[in-house]
Structures are given as structure tokens and as C-alpha cells.
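S.K.: For reference, the chains in residue letters:
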Amino acid sequence: MSDLTDKVRARAKELLESGEVKLVIGHARGTTPYRSRPHFASTPEQTADLIHDVTCATNLAVYVSKPKEKVAVIAKGCDARSLITIINEGQAERGNVVIVGVPCEGKLDEGGLLERLGFPRQVKAVREEGEEVVVEGTEGEVRVARDEVVMPNCTYCRARTPAVRDELIGDPVPAREEADSYPDLAELDAMTEAERAAFWHEQLSKCIRCYACRNACPSCFCPECFVDEYHPQWALHGGGQFRGNWMWNIGRAQHLAGRCSACGSCQRGCPVDIPLMLLNRWMERATNEAFDHLAGMSEEQKQLAALFRKAEAKVEHG
Amino acid sequence: MAQQLTAETATEERAEVAEWRPTLLAYLCNWCSYAGANLAGASRMPYDAAIRVIRVPCSGRVDPLMIYKAFERGVDGVLVGGCHLGDCHYSEGNYACQGRMTLVKALLKAAGIEEGRFRLEWISASEGSIFQAVVNEMAAKLRELGPARMGDG
Amino acid sequence: MPRVGVFVCQCGTNIAKSVDCAKVAEEAAKLPYVAHAATYVYMCSSAGQQMIEDAIREHNLSAIVVSACTPQMHQKTFEGCTERSGLNRYMSTMANIREQCSYVHKDPELATQKALELTAMAAAKAARDEPLFQSEAPINRKALIVGGGVAGIQAALDIAEAGYEVTVVEKTPSIGGRMSQFDKTFPTLDCSACILTPKMVEAYQNPNIRLLTYAEVEQVGGFVGNFEVKIRKHARSVDEEKCTGCGSCWEKCPQKKIPSEYDEQLGPRTAIYVPFPQAVPLVPVIDRENCLKFLKDRCGVCQKVCPANAVDYTQEDEIIEDTFGAIVVATGFDVWDHSDYGEYGAGQIPDVISGIQFERMLNLSGPTHGKVLRPSDGKEAKTVVFVQCAGSRDDQHGYPYCSKVCCMYTAKHAILLREKAPDAQAYIFYIDIRATGKGYEEFIRDAQRKYGAQYIRGRVSRMFRQGDKVRVFGVDTLGGGQVKIDADLVVLATAIEPRHDAKALSQLLGIGCDNNGFFNEAHPKLAPVDTMSAGIYIAGAAQFARDIPDTVAMASATAAKVVGLFSKEKLLSEPSVANCDVNLCSGCRACYVTCPYDAIEMTEHDDRAARMTRMVACVNENLCHGCGACSGACRSGAMTLRAFTDNQIEAQVEALCELVPA
Amino acid sequence: MDSPERHTQMRVAYYPGCSLEGTAIEFDQSCRAMCEALGIELVEVPDWNCCGASSAHFVNHDLAVALGARNLGLAQRTGADQVTAPCAACYARLKFSEYKLHEDPERLGQMLERGGVDYKGGLRVSSPLELLVRDYGLEALKEKLVQSLNGLKVACYYGCLLVRPTEMPSFDDPENPRSLDSLMETLGAEPVDWAYRVECCGGGLALGRADIVRKLIGDILDNAVEAGAECFVVACPLCQGNLDWRQTEAGSQRGKQYNLPVYYYTQLVGWCLGLPPQRLGIEKLLTPATTLLERKVSGLVSQVSEGV
Amino acid sequence: MADDKKAEKTLLGQVLALSGVHVENCYQCGKCTAGCPVAFEMEIPPQQMMRMVQLNLKDRALNANTVWVCASCETCSARCPMDVKVADVMDALRRIAIEEGVPAPAEARTMAVFHREFLGGIRRWGRLNEHELIGLYKLHTGKFMDDVGLGIRLFGKQKIRPWHFQKVKRTEDMARLFEAALSGEKDGH
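Protein chains in written order, with my numbering: chain A, 213 to 530; chain B, 2 to 154; chain C, 4 to 665; chain D, 419 to 726; chain E, 27 to 215.
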């Protein structure tokens with residue numbers, strides 16, 4: 213067991229025992245050694261199943277919905293960004309959420325790992341050692357540089373230590389310098405407009421409208437999504453039609469502008485591998501440039517729409 | 002002579018009919034841009050017939066989905082018109098619009114929709130000639146760009 | 004299922020000349036939900052309206068579309084048709100096929116196709132129309148008047164006369180405004196003070212009128228019937244209750260050389276002062292920027308000599324908060340500053356003065372006691388050149404407009420000059436004479452015939468100091484030659500311009516300014532004293548250059564508007580307001596942070612389905628102005644704007660695209 | 419204030435123009451001498467041609483642009499970022515070319531290409547007066563002066579072309595210019611307050627309509643004399659020529675004898691910098707000009723440099 | 027457009043095409059005339075010239091000495107309240123007069139000769155040789171005795187130096203430049 217897991221368990225236990233919180237939301241080991249699942253501990257005993265390691269990719273903020281009583285969330289940087297965003301948007305009261313920050317140097321991209329190793333069923337354990345991820349298999353150990361097997365969004369993370377937190381377990385890690393230069397968008401930037409249009413035509417044509425992206429996203433909490441409405445019918449319902457898919461994904465990117473924490477859950481959840489983070493990161497860059505706004509990076513943060521106001525407007529158009 | 006001129010102009014316009022004609026959808030605020038369009042009309046300032054106007058009370062009413070929807074349905078260009086900053090009938094609806102449209106512009110760019118297909122313009126009730134110029138410029142640009150594609154055309 | 008009627012107006016030939024109206028009606032009849040379509044030569048005529056009403060009954064229509072002119076012209080007319088036919092008034096939509104179609108597209112084919120598409124879009128919207136209802140709000144029957152010049156005074160008197168309370172906020176220490184600066188008025192040559200002062204006193208004594216002088220409006224919130232206003236009453240340093248206006252203080256004040264604003268810098272005033280002897284209220288103020296007590300903590304003479312013990316150096320600004328039902332804006336005008344007009348001496352020649360300065364000079368109680376003297380050396384001026392259109396009708400250095408009053412006051416000046424100095428000669432350079440009021444043309448002729456004013460048609464090109472004279476280079480375009488006059492005094496008929504702070508006030512009040520900076524009226528012809536904001540009216544030169552009779556007439560017009568408003572029992576609000584569907588609301592507050600009117604509150608909603616209480620947005624319909632910024636910000640589709648719903652707008656896009664080959 | 423070191427590095431393309439090779443040779447001499455003394459390096463535009471004043475624009479605006487643009491192109495090749503033209507007419511014409519090219523680059527660019535002119539725009543056109551007042555700075559100049567004009571009453575005559583046409587950006591106010599006055603004050607002179615500072619002297623009419631010129635300069639001379647001026651200072655060879663050469667004629671027409679020397683400002687600056695009068699061409703002025711200057715400085719040496 | 031072509035034939039249209047100035051903006055205030063230093067010599071003062079252009083009275087406008095007397099001092103343009111560039115209009119009118127062969131009025135001929143010889147000199151040499159200009163001017167106007175005294179004084183001061191003849195290195199460049207400019211403007215409109 214890793215050091216961090218021990219600390220998380222100990223702190224969770226403390227929080228529940230003291231009665232400070234009624235629930236701790238964290239991770240537990242999943243069905244295989246390279247997977248984790250969310251874990252909800254409401255008794256001190258249940259904290260024994262908590263883990264925290266390189267496999268804990270899920271954004272736990274998605275499980276926080278208008279809690280009536282105090283909950284603690286074992287929060288990575290992106291989880292914390294999402295928590296602050298939804299608190300700002302009335303989905304939880306700040307006083308009801310204890311952000312137990314954990315540092316994060318990137319979480320495992322299972323798909324990428326499996327593809328790379330080629331022996332999925334034989335994995336016995338996965339652990340971090342320094343800058344490497346060590347995979348123990350039946351046929352011995354494989355060591356890979358962490359950056360090669362973590363989710364792409366982790367390689368440009370600006371919140372490896374939660375910016376807003378009530379406490380921190382473990383030592384802070386500095387943000388990636390790459391975050392502000394958006395290396396992930398370089399390819400899209402280099403394309404002509406026609407190439408970009410063709411690129412998205414190819415990508416979005418794959419969408420089967422399973423809404424796994426929406427389900428994984430902490431910022432998607434509308435009682436009814438615009439895409440499901442009939443009057444008006446903003447987008448054609450059902451998959452298979454490019455236009456409806458386009459409307460859905462573009463509409464979603466619009467709605468996430470200034471609200472996305474770059475956790476990558478949507479892309480990770482996508483069964484047909486649409487690079488959804490490209491749209492979200494593109495919009496993050498736009499809001500950062502135009503409004504100096506990055507979702508969930510500070511406690512005092514206002515909603516993006518509040519920054520459109522006359523009193524806040526920096527540059528006057530026309 | 003006036004009639005002669007009319008006939009000539011009409012022939013010129015007709016010549017365009019045979020060609021592909023862009024559709025330009027405009028969301029105009031009731032107090033400034035829509036009134037500016039009315040002034041252009043009342044002053045008989047001819048402009049490109051590609052434009053179709055949907056009147057909204059304020060440019061702040063424009064939901065980005067209304068723009069994406071138009072492109073999704075095959076409209077070739079979208080114009081959003083509001084009052085000049087500081088002159089909004091509702092004090093600052095146009096600021097809300099400006100902020101939102103900043104995002105729309107960024108996202109349309111990401112999606113590969115050419116810059117000339119979307120414009121946000123502040124046109125006052127007295128700027129009929131500016132309305133005329135904007136419509137003509139934009140329609141000309143759309144003719145140059147051809148039909149809008151979202152990668153499938 | 005909705006049954007929409009489509010009525011295509013030919014507008015005589017205005018529409019029909021390029022739009023095939025019969026074809027539009029014929030095609031429109033095939034559109035979804037359209038149950039009936041017809042065309043007629045004038046839909047707005049009583050026969051046309053009757054036709055619509057009959058059709059509504061005959062075809063059992065649920066909503067109508069009138070394809071005609073702009074809704075800004077006739078929306079209300081056709082709402083009358085639906086209402087009279089027993090439908091909800093707002094089940095009426097207009098498609099603008101005149102201003103935005105037939106007037107601008109001459110090709111019949113293109114125009115007809117566009118007219119059909121616009122009609123189809125309107126029909127799609129109309130099919131989704133829902134009955135709308137106005138809500139009621141109480142009226143606070145007190146009026147606020149900003150500006151205490153003749154316009155403000157007249158409006159105040161008229162409103163007070165009708166029995167309502169009025170508060171007048173005046174920036175300077177006294178009411179009276181520009182008119183109090185004038186010596187005489189044209190064309191009757193009445194003494195300005197003699198006709199204004201009684202009105203000032205009347206306003207002062209009227210129990211319904213509260214005068215707040217030396218005060219400014221600082222904040223305006225709320226809406227018609229309920230404007231919440233914050234007024235800053237500057238510290239006067241003199242107790243208004245105690246002061247008797249005896250004058251001991253200003254007579255003894257040692258600071259005697261401060262240029263008087265009232266005398267347009269031509270004469271001095273003291274640091275504790277009343278702007279002019281007939282000031283109302285006759286209570287001095289201390290100009291703290293020039294008072295030795297405040298500058299150096301010395302002197303204190305005024306306090307020592309005051310028999311009423313009214314001088315109070317510790318007085319502070321007072322903030323007055325009150326609620327008003329209506330606001331009249333009567334802030335008047337400024338005079339164009341000729342100091343950046345290089346060819347007229349750039350303000351550096353002392354003997355080149357503005358018309359309003361000359362006005363002060365003519366006044367017996369003015370800085371020269373009614374004598375026309377050269378500011379440079381105090382000698383009497385014999386040759387006086389008047390230059391009209393200084394800053395007016397000048398795209399390059401001034402304003403494009405004609406300032407309207409200069410022809411008349413220049414003639415008045417020429418007449419008064421002769422009366423003061425019978426051997427003086429007036430030369431008036433003019434471009435055109437605009438004398439379009441009662442007795443005005445005759446007045447100009449008097450100036451020429453009886454008072455010997457020499458009118459020279461032409462503009463002055465340049466003037467400069469030449470010895471102790473001002474050399475003026477002009478032209479006589481009628482006589483055909485250049486004219487050179489060595490003048491003792493040059494009087495520029497400087498343009499009337501908006502108050503320098505008009506823009507700021509317009510933003511405070513939420514009313515716009517025109518290109519020149521004057522306040523915008525709601526309609527240049529039909530609503531000249533209304534503004535785009537309900538319950539706010541404009542009077543006098545704040546709207547555009549006006550002479551006194553026009554100003555007074557406008558002031559009374561605003562009073563009639565205010566009294567009309569106050570005579571209503573309740574205020575009916577705009578029916579097109581925002582509305583939140585709580586079932587769809589996520590409580591994210593995007594609307595709440597967007598609303599410019601703070602009309603959205605977050606309230607608890609008992610969500611039975613989810614078995615919980617959650618916060619949702621709720622619109623205060625009295626505060627909502629119907630801009631729809633909230634619904635533009637709403638992601639979940641909960642917030643929408645009545646008459647401009649997402650559903651209606653999306654349907655219009657759909658309808659358009661159905662008809663356009665993609 | 420800029421440091422003097424920076425001024426020593428100033429390098430400017432220099433466009434003398436035809437007059438300065440001919441009847442205004444002393445303007446050329448004094449300007450070069452002045453700049454040398456101030457450490458401003460002038461690089462003469464190689465193979466320059468006539469700017470076209472005062473005829474080209476009279477009959478064809480494109481020709482006026484082309485003549486100017488050829489010079490600007492050649493000036494740009496010297497590597498300098500600005501070109502300075504002492505003659506006010508040349509200055510106005512070169513500025514006009516640059517301005518028009520900026521306004522209508524496409525059509526005029528094509529025209530220039532056909533005409534074999536290679537100029538893409540972007541060069542700053544200045545007058546040495548502008549160079550002195552704005553770039554070099556009067557404070558810096560003051561430090562270099564060795565003698566003062568000691569209250570010489572001078573009428574600063576700007577004429578037309580230094581400040582007009584007004585649609586082009588100007589370094590001075592078109593109706594009430596101050597630059598020459600400030601410069602003269604710096605030199606210790608007393609500029610008189612007079613009216614005709616921007617009135618026209620007749621300029622290009624000198625040869626064709628001397629009768630008009632005599633009338634115009636008569637008015638100018640009268641006004642200056644009335645204001646108490648002892649001399650003129652000018653920035654334009656046309657103004658200088660008209661005022662200086664036709665002074666006697668204008669005087670005899672009015673039964674007067676004026677006797678007001680008409681200096682180029684470069685000559686007066688040069689004088690105060692202590693340059694020998696021959697290098698400044700002061701003896702080339704028709705109205706005797708040396709005596710007045712000598713009288714003004716006699717017995718008074720370098721007060722300015724020791725002062726401030 | 028059709029109406030453009032019609033407009034171009036009018037004097038107003040010609041002036042607009044050549045100068046870009048909208049003379050119809052003139053409302054006859056006369057400020058140009060008031061400040062014109064040479065108006066006293068003009069048969070038709072500047073503001074009336076603007077009126078002639080508005081009314082398309084070409085003969086009257088071009089047969090007056092006005093355009094030849096204009097000193098191009100730009101005072102009128104600088105001060106016009108309506109941004110009518112009067113001096114540019116004068117330039118345009120002069121050009122129309124030359125192109126359409128309207129002879130300059132007798133007493134204005136000297137100025138016409140002056141401009142012709144001035145430009146001729148530049149075209150030949152690229153630079154102006156004042157002594158050549160003076161010589162040719164006198165030859166063509168017959169005014170041999172004018173300013174002889176002045177000439178001698180200037181010679182004495184070595185301001186006129188007949189031995190100093192200036193020209194650009196490649197005079198053929200100038201011909202090409204003239205050619206392009208004079209044909210270019212026509213193409214442009």
C-alpha cells in the first residue's frame with residue numbers, strides 16, 4: 213500500500229469519527245489492479261477500502277449534488293476545480309464540502325496502458341515509483357515513464373495541487389508549465405478552417421449519443437439537457453446524423469466554456485474516442501485570454517457570465 | 002429616368018438569381034439594429050437580399066445555441082446586431098451579448114467555420130447606411146466563401 | 004392545434020411594386036398551421052382591420068400574422084384586431100416585408116421569395132404564441148425634476164398645480180438656469196429676470212415643490228412608478244434654515260477675485276456667494292476650493308459677521324434617498340468653447356467673446372453694469388462684429404447642426420447694442436437667417452432698419468489682434484468681395500451644445516444620447532418629450548437647442564405626461580417579461596449574475612419529484628424590463644422571455660431553413 | 419530629456435531640393451552647417467529629383483505623388499528612417515506623397531511600379547525645424563549655444579506649406595503655430611506678436627504674377643513693421659525669395675522703405691552656435707543682414723551657455 | 027453603375043473623380059473667399075467657383091482666371107467647415123482646362139506658361155534649373171525686361187549660377203515616371 217493511501221484512510225477515518233463530516237467520497241480498488249471505483253465511506257470502518265494512487269482518475273465532484281450535510285471529497289486538482297465551479301453555481305454550499313486535497317502527477321489512461329503493454333489480463337499490480345509507473349505482470353515487471361501512460365490532459369495539468377482546498381494530504385507538486393502554452397491544441401491551430409471542419413466531421417460522425425461524456429462531467433447538472441428538449445428541438449435526437457452530433461457537441465462545448473476543469477472524464481468515458489478535450493481546452497484558452505478566467509482556480513471566483521458585465525468589461529468592442 | 006434606372010438595377014439583381022444565393026440570418030435588437038435596418042429601408046438604401054431578420058428585444062437575448070442552430074440547419078452566415086456599448090436600451094444587455102459572442106467566435110473557429118460567416122455589429126437606429134454596408138459586405142463575403150460546410154459539403 | 008391567419012398587406016404599391024402579394028398569400032396558405040391567408044391593399048385601414056377581425060371569427064383563428072411594415076409602426080394596431088376579436092391581444096405577429104423587403108429589394112422574384120420566407124418565419128412564431136398578461140404595480144406619485152432652469156421650473160409648477168409632489172434637483176446654488184443669465188428675451192425684448200423671477204419665487208413657495216439646490220442625482224434604480232433615486236446635496240456650509248439672505252457674509256468675504264460662473268468669467272464673485280441677487284433660495288454657498296478657511300484655516304470672517312449664526316464650516320454632503328414615479332430631465336445646454344478654434348483666435352484674444360458673455364455684459368447687474376466694454380482695456384466698444392454659426396453648421400471644428408437660436412439672439416444683441424450706445428455699429432456675418440417663430444422675421448428686420456445693424460452674408464475666415472483692435476477677415480458673398488473690419492469687440496454666436504456631463508447622466512438614467520450628445524427622444528416626431536425608458540421625460544435644450552417658448556411648451560408637455568401617468572390607478576407592466584420554468588431550472592445562477600435590473604431572485608422550490616427543496620431562479624416581473632439577457636445566458640432552457648421564447652426563435656430558424664434549399 | 423549622446427547618433431536622409439542648389443543656396447549651406455554642429459548626420463538622398471512643387475500638383479496629382487515617391491524610395495535606401503527637407507514646399511510635397519500612398523496604396527503602387535519607382539511607404543518626412551524642436555529638443559540645443567540674439571525682434575513667418583494641407587498630420591498648430599517662435603525664444607530673440615504668420619506670400623506666383631506677390635508681401639511687411647519686428651525668420655525659400663528680393667519693389671509701391679532682413683532659421687541657429695557667417699551664407703541675403711546680427715551681439719558673449 | 031457614368035460627364039462628377047472632393051457639400055458660406063490671399067485678383071472668387079461646379083457651369087468656371095491665380099496656399103481647404111478641399115478642386119479644374127484645351131485667359135497666360143515650362147524642365151532633367159526656367163519663361167511670354175535688375179543682383183550673389191546645371195543621372199527614368207503617372211490616373215478612374 214502506498215503512503216498516500218494510508219494517509220487518506222487515516223484522515224477519512226478521523227473526519228468521520230469526529231463527526232465533522234457525514235460522508236467521505238474517495239476511491240476504492242476496482243475490478244482489476246489498474247482500475248479504481250468511487251467509494252463512499254459513511255462509517256469509520258468503510259474508510260479501510262479507500263485507496264489513492266495512479267489509477268484514481270474519476271472526477272469525484274460528479275457525485276456531489278446539493279448535499280444536505282457535510283461531505284469530504286478526496287480531491288485532486290481537477291476535482292477541486294470542479295467543486296469550486298459547481299459551488300459557485302449553486303449545486304453545493306461551500307460550508308458543506310470539505311476539500312481534502314491530494315497532489316496528483318497524472319492518472320492512468322487505462323486504454324493507453326493496455327495497448328502499450330499488450331498483456332492486460334496478466335496485470336497483478338500497478339504502482340508509482342518516482343517518475344515511473346511500474347506494472348507487475350505474471351511475466352515480470354514493466355517500467356514506463358509516467359507521462360507516457362497517463363491521460364493526455366494530465367500532461368498539461370495546471371492544478372496538480374488543488375488550488376482551492378481545506379487541507380492537503382501529501383506534498384504539493386508544481387503545475388505543469390505546458391498548461392499555459394496549450395501544446396495539445398497545436399495540431400488544431402495549425403489546420404486551415406477547412407481542415408478543422410473536416411477533422412470534426414470525421415470525429416463527430418462517430419458520436420453515438422450515449423452521453424457518457426455528460427454523465428461523467430461534474431458541470432453537467434441541468435435537470436433536462438438542451439439536447440433532450442423537444443420544444444425547442446435544438447439538435448436532432450439520436451445518433452448517426454452528423455448534424456445533430458455536431459449541434460450536441462458544439463452546444464456542450466459552449467455550455468462548458470469557463471466551467472470545465474480539464475479533468476478529461478468526458479474523453480476518458482467516450483466509447484468512440486472523440487477527442488472532446490480539444491474543444492474544452494480550446495474554450496478554456498479563449499476564456500483565459502478574453503476574460504482572464506480559469507474555472508475553479510480561486511475561491512473568490514465569479515461565474516464567467518458575471519465577467520461579461522459592464523462594470524467588468526475590459527475591452528470595448530467597436 | 003428613375004424607371005429606367007430601376008429596370009437596370011433589377012436586371013443586375015436578376016442576374017444574381019441564377020447563381021447560388023447565400024442565406025444570411027440576422028438577430029437584430031429591437032431598439033437599435035432593427036430600427037437601423039428600418040431606417041435603411043425607409044431611406045430606400047438597397048442591400049443584398051440574402052438577409053433574413055429575426056427581431057429580438059436586445060442583443061443580450063441571443064443564446065449561442067440560436068447561432069449554432071442556424072449553422073446546423075444550413076444557414077451560411079449569422080449576423081448579430083445590437084446597440085453601441087453604452088447605448089443599450091436595457092443598459093447593458095449588449096455587454097452580455099459581447100461576452101457570449103466572444104465565446105461563439107472562438108468555438109466557431111475551433112469548429113472550422115470561417116470567420117466571415119459570423120459577425121457581431123453595433124448598429125444604432127440612425128446608422129441605416131452602416132446596416133446597409135454590413136449586410137452588403139457580409140453577403141459578398143458569403144458569396145466568396147460559398148455554402149457553409151460543417152465538414153460534409 | 005394552432006390556427007394561424009396570414010394577412011399580406013400591399014401598402015398601396017409600397018409593398019406590391021416589388022412583392023407579388025397574392026402569391027405570398029397563396030404560398031403562405033400552404034404553410035404548417037396556417038388556416039387562412041389573404042391579401043389587401045391597406046391592412047392598417049379600418050377596412051383592412053375589419054377584414055382581419057372577420058377572418059379571425061370566420062376561420063376560428065388562434066393567432067395572426069400581418070405581413071406589412073415594421074412592427075414598430077403598426078404592432079399595436081393589429082394587436083387591437085386580435086383583442087377586438089376576442090383573442091388575447093398578443094396573439095399577433097408582424098412580418099416586416101416593407102422596410103426590410105420591398106423598400107430595399109427591387110427584383111420582384113427575390114423580393115417575393117424573401118417576403119414569403121419572412122411570412123413563414125412569422126407564422127412559425129405565431130403558431131407558438133401564448134396569451135400574455137400585463138401585471139400590475141403601484142405608482143409612487145412623486146415627480147423628480149433634474150435641472151432647475153426655466154424648463155424644470157415650469158414642469159414643477161405644472162405638476163405641483165395638479166396636486167402632486169415634486170422634487171427639483173439643481174446642480175448650482177440657485178434655480179433659474181440659463182434664462183436667469185439673459186438680459187432680455189427675443190422678439191419682445193422683455194426683461195428676462197422680470198418674467199423669470201416670479202416663477203422662481205412661485206416654485207420656492209409652492210408647498211408641493213421641494214427645491215434641492217447645490218445637489219446632484221447620484222444613482223437611479225427601479226422602474227416607472229418606482230424609481231429609487233439617491234441625491235447628493237453638496238455641503239453648502241450655510242444652514243438653509245437659519246440664513247436670512249442678508250448678505251453680510253458675501254459683502255465681507257476677502258476673496259473677491261474669483262471668476263463668476265454666472266457672469267461667464269467676465270466678472271468676479273466672492274468665495275461665499277449667491278450667484279446673482281435674485282437667487283432662489285437666497286442662501287449663499289461657500290466655494291470650498293477658493294475659501295481661505297478651507298484652504299488655509301484662516302479668515303472665518305463670514306461666520307463672525309453672520310447675524311443668524313448660519314455659517315457652518317463642518318457641514319457635510321447629505322445623501323437623500325427617495326422614490327419617485329416619474330423623472331423629468333431638464334438639464335439644459337452648454338455653450339461651445341471657442342478656445343480650440345484657431346482661426347478665431349483660439350480663445351487667446353480677450354476682445355473675442357461668446358454670445359452669452361455679451362449677454363452678461365448687456366445686463367445692468369452684470370460685470371460691466373450694462374455697458375459694452377472691451378475686456379482687454381475696459382474701453383467702450385463702438386464697432387462690434389457678430390459672427391453667427393460659430394461652431395454650428397461646421398463639420399470640421401464644431402457641430403453639423405444649426406443651433407437654432409443664434410440668428411435671433413444675435414439680432415437682439417445688435418438691437419441692445421444700439422440702445423446702450425447709439426453711436427455703435429453692429430456688423431453681423433451670417434450664412435442664412437433662420438427666423439421661423441412668431442414675430443421673429445419682423446424682429447430681424449427691425450434690427451436692420453430701426454437699429455442699423457449691417458448684415459453681411461458670409462463667414463469670417465480669420466481674426467487676430469491688430470493694435471488694440473481685432474481685425475476680422477470676412478466676405479460679403481452677395482456684394483462679392485472680401486471684407487476687412489477692425490473691430491473693438493467680436494461676439495461669436497457660439498453653438499448650443501449638450502451639457503458636458505450629459506452622457507454620464509444618460510447612462511445613469513438608462514436613456515441614450517444622439518450622435519451629438521443630446522438626450523434621445525423616443526420618437527423625433529410623435530414622442531418628442533418621451534424617452535425610451537418609460538416614466539422618464541425630457542424638456543428643453545437637454546433634447547436639442549431650443550428657445551424659451553419651445554422650452555416652456557416642452558416642459559408643460561412633460562408635466563402633462565407625468566400627470567397622466569400619476570392619474571392612473573395602477574401601472575400595467577410590459578407583458579413580454581422573463582419567466583422561469585422551475586422544473587427545468589438547475590439553480591446555477593447564470594441568469595442571476597447576468598440580469599442588469601436585479602430582477603431575478605433565487606428562491607426555494609419544493610421539488611416534489613426529487614423530494615427535496617432546492618434553489619431556483621424567480622423573476623420579479625415589476626423589475627424585469629424584458630431584455631432577455633437571462634434567457635440568453637440560461638443553459639437548461641428554464642429561463643425564457645415571453646413573446647421571444649427559445650421555442651419561437653428556434654421555430655423561425657427552422658421555418659426559414661425549410662424554405663431555403665440547403 | 420534625451421541625452422546629448424543620443425543626438426550625436428542621429429542619422430537622417432537629407433533632401434535639399436532644386437532651390438537649395440540654386441537661389442536658396444544659403445539655406446542648404448546653413449542647414450548642413452547647423453546639423454554638423456549639432457551632431458546630426460545628414461545623408462544626402464542619392465540622385466534625388468525635383469519634388470514637383472509648385473507645378474506638378476497643379477496639373478496632376480499622380481505626377482505629384484510619383485515625383486515625391488521616387489525621392490522617398492531613394493531616401494529609404496540610405497537606411498535612415500526619416501528624410502528631412504528644409505524647403506517647406508519640398509517638405510509638404512514629400513509628406514503629401516507619403517500620405518497619399520498610405521491612403522491608396524493599391525492603385526498608386528501599381529502606378530509607381532510602371533513608373534519604375536521602388537517605394538513601399540513608411541518613411542517619416544520631417545522638416546529640420548521639426549527635427550530641432552521635436553527630436554533634438556530645445557533644451558539640448560540651448561546647451562550648445564554660444565551666443566544669444568539678445569532680444570532681436572523677429573517676426574516668425576511660417577507661410578503656408580509648413581502647416582498645411584491640414585489633412586496631413588502636422589507637428590504644429592495650423593492656425594497658431596508656435597515652433598519657430600519657441601526656437602527663436604531659445605535663441606534669445608523676442609518673437610513679436612503679429613497676425614500674418616500663416617498668410618500666403620504668393621509663393622509660386624513669383625515669376626508669373628509678381629504684381630500679386632508685391633501686394634501680398636506689402637501687407638505682410640506692413641503688419642510685421644507695425645508689430646515692431648526688425649527682421650523675419652522663415653522656413654521656406656519661396657517665402658524668403660518673395661519677402662527678401664521684392665521688398666524694395668513692394669516698398670516703393672507704397673512709398674516706404676522697409677529694410678527687414680529675411681533670415682532662414684537655420685542661419686540664426688548657426689549664428690548662435692557660433693558658426694562663421696560665411697558658412698551660413700548670410701551675405702547672400704539681398705536685404706543687408708549681417709550688421710543687424712552683429713549689432714545684437716556686440717559686447718555680449720556666451721551668456722546663454724553659462725546660464726541655465 | 028449607370029448613374030455613375032452619367033455623373034462623370036458633369037463638371038461636378040469630373041471634379042469628384044479627379045479630386046475626390048464632394049463639392050455638393052458646399053453651402054456657400056464664403057469662408058474660403060474670406061481667407062483667400064489672392065481673391066482680390068480672381069474674376070470669380072473661390073466660393074462662387076464651388077457654386078459653378080455645383081451647377082456644372084463649365085465654361086464660366088474654366089474661362090475665368092481664378093484657377094490660374096490660385097496660389098495653392100491651402101488656406102481655403104484648411105478652414106472649410108464642410109471639409110470641401112477647395113484647393114484640390116482648383117487643381118482638378120486646372121487639369122480639366124488643360125486636358126480639354128481651354129486656353130488660359132490672356133492675363134493668366136503667364137502662369138500657364140510657367141507651369142508648362144516648369145514641368146517640361148523636370149521631365150527633361152529630373153531637376154529644376156531655375157535659370158533655364160526663367161529663360162524659357164521669358165522666351166514664351168515675351169516678358170524679357172521683367173525683373174532684369176533682380177536677376178543681376180541674384181547673379182551677383184551667386185544665387186543664379188548658369189554654369190551650374192543640375193540633372194538626375196538617368197533622365198530616361200523621368201520620362202518613364204511621367205508616362206506612368208499621366209496614364210495611370212486615367213486607368214484608375
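No lab work stands behind these hints: they were computed from the structure. Misleading hints may appear alongside valid ones.
Said to hold, decoys possible - Here are some chain B residues pointing at chain A (derived, C-beta under 7 Å): (1) S44; (2) L104; (3) L108; (4) G113; (5) E138; (6) M151.
As the list claims (entries may be wrong) - With a Cα cut of at most 25 Å, we get these calculated DSS-like pairs of lysine-lysine: (7) K236/C <-> K174/C; (8) K259/C <-> K299/C; (9) K219/A <-> K234/A; (10) K142/B <-> K418/A; (11) K423/C <-> K522/A; (12) K714/D <-> K472/C; (13) K282/A <-> K336/A; (14) K538/D <-> K183/E; (15) K142/B <-> K106/B; (16) K187/C <-> K236/C; (17) K522/A <-> K506/C; (18) K633/D <-> K164/E; (19) K106/B <-> K514/A; (20) K423/C <-> K187/C; (21) K472/C <-> K633/D; (22) K522/A <-> K106/B; (23) K571/D <-> K472/C; (24) K633/D <-> K193/E; (25) K487/C <-> K538/D; (26) K259/C <-> K307/C; (27) K187/C <-> K571/D; (28) K195/E <-> K169/E; (29) K202/C <-> K441/C; (30) K423/C <-> K374/C.
The beta-carbon is built from N, C-alpha and C at its ideal position, and this holds for glycine as well.
S.K.: Next, verify each hint and record whether it holds.
M.R.: Status of the hints after comparison with the structure:
1. S44: Violated - the Cβ of S44/B stays beyond 7 Å from chain A, reaching only about 22 Å at its closest.
2. L104: 5 Å, holds
3. L108: Since chain A brings a Cβ to about 6 Å from L108/B, closer than 7 Å, the hint holds.
4. G113: 3 Å, holds
5. E138: 15 Å, violated
6. M151: This interface hint holds because 5 Å falls under the 7 Å limit.
7. K236/C <-> K174/C: Holds, at about 9 Å.
8. K259/C <-> K299/C: 16 Å, holds
9. K219/A <-> K234/A: 19 Å, holds
10. K142/B <-> K418/A: Cα-Cα ~32 Å, so violated.
11. K423/C <-> K522/A: 56 Å, violated
12. K714/D <-> K472/C: 31 Å, violated
13. K282/A <-> K336/A: 37 Å, violated
14. K538/D <-> K183/E: 41 Å, violated
15. K142/B <-> K106/B: Distance ~17 Å between K142/B and K106/B Cα, so the pair holds.
16. K187/C <-> K236/C: 32 Å, violated
17. K522/A <-> K506/C: Given pair K522/A, K506/C holds - Cα atoms ~16 Å apart, limit 25 Å.
18. K633/D <-> K164/E: 22 Å, holds
19. K106/B <-> K514/A: Roughly 22 Å separates the two Cα atoms, so the pair holds.
20. K423/C <-> K187/C: 13 Å, holds
21. K472/C <-> K633/D: Holds. K472/C to K633/D sits at ~23 Å (cutoff 25 Å).
22. K522/A <-> K106/B: With a Cα-Cα distance of about 20 Å, the restraint between K522/A and K106/B holds, given a limit of 25 Å.
23. K571/D <-> K472/C: Holds: K571/D and K472/C sit about 22 Å apart, inside 25 Å.
24. K633/D <-> K193/E: Cα-Cα ~34 Å, so violated.
25. K487/C <-> K538/D: Since the Cα atoms of K487/C and K538/D sit roughly 47 Å apart, the hinted pair is violated (cutoff 25 Å).
26. K259/C <-> K307/C: It holds: about 18 Å lies between the C-alpha atoms, which stays within 25 Å.
27. K187/C <-> K571/D: At roughly 47 Å apart (the allowed maximum being 25 Å), K571/D and K187/C break the hint.
28. K195/E <-> K169/E: Status violated; Cα separation ~33 Å.
29. K202/C <-> K441/C: 23 Å, holds
30. K423/C <-> K374/C: 7 Å, holds
Consistency note: the structure conflicts with the earlier hints numbered 1, 5, 10, 11, 12, 13, 14, 16, 24, 25, 27, 28.
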